[in-house]
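K.L.:
Sequence:
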Amino acid sequence: MRRIFFIMLMLSAVFKPGLIFAQDNINNINLKPESLQDMSLSECLNIALENHPSIRKSKSAKESAAVQLEQIKINNRMTMNVTGNLNYNGDFDDAGDGYHSEGLNLNASKLIYDTGKNKLQQKIKYQSLLGANETEFNTKITVATNARRAYYDLVLKNLNRDVEQEKLNNLEQHLITAKGLYDVGKNAFIEITKAQSDVASARVSLLKSENDILISREALRVAMGLDINDPFKINLSTGLFLPAPVPEIDELIKIALNDRPDYKKLLHDVEGGKLSITEAARTSSPTLNGSIGSGISKREGDSSTNNYNFGLSLNIPVVDAGAKKSAVNLAKSELNQINADVDALRQNIIYSVRSASLSLKNAVDRVRSSELSVKYAQENLELARGRYEVGVGDALELSDAVSNLAEARYTYYQALYDSQSALSDLYEALGHLPEEI
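In this note's numbering, the protein residues as written are 1 to 437.
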């Protein structure tokens with residue numbers, strides 16, 4: 001007996017679920033350093049789906065729903081119990097007059113008939129399990145979409161930093177030119193001080209843009225579900241570009257209503273609510289249970305005795321004090337709330353799809369317009385620089401040209417980012433994972 005107990009103890013230590021789950025978490029979170037080097041967008045998204053805490057939470061919720069369904073099934077299965085007893089009867093003052101007895105009993109019981117309530121409960125829990133599956137997928141969409149936005153935000157911040165660097169380079173070149181013109185007597189000293197002021201301001205802006213990159217990197221780290229101690233070096237191999245054309249809005253709405261996991265989850269809740277009304281209507285229904293047992297007992301000095309038993313237990317509620325009516329009304333009320341949630345989500349889906357589609361179209365139009373602005377601003381800067389160098393332009397004209405070029409690039413990159421952000425919104429509104437996965 002001790003050997004068997006020792007073996008069971010060892011097995012429980014080796015196969016303890018908590019230890020296995022903890023090890024899985026360690027394998028997921030403590031990534032190798034080289035796995036976080038020079039990551040592309042698709043790699044970032046896949047890491048987010050592997051490591052984000054909300055993914056693990058939704059997975060646990062799905063497992064919990066599966067366990068609850070199994071528990072309902074267990075209630076409809078046969079149960080069996082073995083009991084043993086060892087008794088001593090006697091007087092403490094005269095232990096010699098006492099006697100002992102022992103016995104062993106085996107009993108089995110099963111629910112035979114309950115007007116189908118257990119089967120209904122199984123169907124209700126099964127709808128909950130299907131809903132948990134949809135919730136898990138919806139969580140994946142949210143995590144991946146947030147990581148995609150964070151990635152492109154980091155791309156944008158790096159491009160903005162490049163704009164600031166280009167602006168600083170142009171102003172420093174202007175300062176050199178201003179000093180040269182002053183040395184030959186073609187400019188006043190105020191031209192130099194103005195150029196120096198512009199260079200100082202540009203350096204401050206560059207420092208701010210570099211800090212924005214650090215903040216954006218941390219936002220991407222959080223979106224990917226990475227720990228602060230995980231090595232994190234990223235090569236922005238995926239740049240900003242215009243998305244491919246998408247179908248018309250009406251077609252997108254049909255796709256969303258068919259694919260959105262949160263919408264499908266509510267539809268499962270509706271089915272579960274309908275079944276709950278039927279199950280509530282059988283609250284006061286009769287139930288029939290059966291039991292069978294066998295036992296052996298022996299009293300000291302007597303021969304052993306065998307006994308058998310078989311029984312049926314029928315329970316017919318006569319007065320339920322309104323329990324059935326109350327249960328039905330509650331189930332109907334909960335179903336009405338779910339139906340209201342379905343209608344509200346349907347309206348939200350239509351709005352989200354329309355909003356994302358219109359925002360995407362607008363961003364694409366702004367990209368095409370801002371491309372021309374960048375071209376003209378670049379040409380204007382070259383003209384202003386040439387005019388200044390030959391002495392027919394002034395410092396203010398050149399400074400404005402540098403600022404206008406930087407602003408045009410900002411607008412162009414922002415429009416590109418907005419197009420990708422709108423595409424992320426559209427993926428989420430349709431209930432789809434990003435295409436990069």
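Since the hints were made in silico from the structure, they are not lab data. Fair warning: there could be bad hints in the mix.
What the hints assert, rightly or not - No more than 30 Å apart at the CA atoms, straight line, and that leaves these computed lysine-lysine pairs for BS3-like:
#: 1; residue 1: Lys194; residue 2: Lys179
#: 2; residue 1: Lys274; residue 2: Lys332
#: 3; residue 1: Lys274; residue 2: Lys117
#: 4; residue 1: Lys179; residue 2: Lys123
#: 5; residue 1: Lys361; residue 2: Lys73
#: 6; residue 1: Lys117; residue 2: Lys325
#: 7; residue 1: Lys264; residue 2: Lys57
#: 8; residue 1: Lys73; residue 2: Lys123
The structure presented is a predicted model; accordingly, all values stated were derived computationally and were not measured.
K.L.:
Would you mind marking each hint as holding or not holding in the structure?
P.N.:
Cross-check of the supplied hints:
1. Taking the CA atoms of Lys194 and Lys179, the gap is about 11 Å. The hint holds against a cut of 30 Å.
2. Between Lys274 and Lys332 the alpha-carbon distance is near 8 Å, which keeps this suggested pair within the 30 Å criterion.
3. With a CA separation close to 14 Å, the supplied pair Lys274 and Lys117 stays within the 30 Å bound.
4. As the CA atoms of Lys179 and Lys123 are separated by approximately 84 Å, the hinted pair breaks the 30 Å bound.
5. Restraint check for Lys361 and Lys73: not satisfied, since their Cα atoms lie roughly 52 Å apart, outside the 30 Å limit.
6. Between Lys117 and Lys325 the CA atoms are separated by roughly 16 Å; this keeps the pair inside 30 Å, and the hint holds.
7. Restraint check: the Cα-Cα separation between Lys264 and Lys57 comes to about 20 Å, which is no more than 30 Å; the hinted pair holds.
8. Pair hint Lys73 plus Lys123 holds up; C-alpha atoms about 10 Å apart against a cutoff of 30 Å.
Hints 4, 5 from the earlier list are contradicted by this structure; the remaining hints agree with it.
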